[in-house]
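Please model the entire structure based on the sequences and the hints provided.
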Amino acid sequence: MDFARPLPPDKALAIGAYGESVAAYRYLVFAERATSRHQRDAFAAMADEEQDHKQRLQKLLATLYPDSDFVLTPEDKELVVVGPRLPSVRADEQFAEALQHTLATEQRTSAFYHRLAQTVADPQLRQLFQSLAEEGADHHRRLMELVRQATGRPSQ
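First residue of the sequence shown? That's 20 in the numbering used here, and the numbers climb one at a time after it.
Keep in mind that the hints were calculated from the coordinates and are not lab data. Be a bit skeptical, because a hint or two may be false.
FRET-style restraints, in silico, Cβ to Cβ [stated by the list, open to error]: (1) T92 / R160: 26 to 32 Å; (2) L91 / Q149: 20 to 26 Å; (3) D111 / R160: 20 to 26 Å.
Just so it is clear, the structure is predicted and the values come from calculations on it, not from any experiment. C-beta atoms are modelled at their ideal positions from N, C-alpha and C, and glycine is treated no differently.
This is the structure in structure tokens:
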């Protein structure tokens, strides 16, 4: 991921919070669609983790940048989300596609945070972004395992 211009920290926090919000919602949808208790519990736990990430980012944004005011563009949102924000998962094919979008989203979000951790000046934000990059990579790994368990084959 290459930022043409460095992102201001307040915008980076807002973009991150948006991505975490989308991920939390998707994992809740997946938990409702899951066919086993193990999958439901795993998706629900990941939704809770994403919700916590969102709240941490929003709290920092409000504390560090109380006067921040902007609207995220579709391009901003694409820095952290792949596919539709609100997935349809009624059919098996839709569920599989939503899982693949979420795998790609976790990769994209992790790369977004990793890049921010390398470029942001504030040590507190640098540490937060590095931690979120690692957690995004962990979510990707965990989601790949859930997909493998659900389908009997590795994810694409």
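Results of checking the hints against the structure:
no.: 1; hint: T92 / R160: 26 to 32 Å; in the structure: 30 Å, holds
no.: 2; hint: L91 / Q149: 20 to 26 Å; in the structure: 23 Å, holds
no.: 3; hint: D111 / R160: 20 to 26 Å; in the structure: 23 Å, holds
The structure fails none of the hints (numbered hints given earlier).
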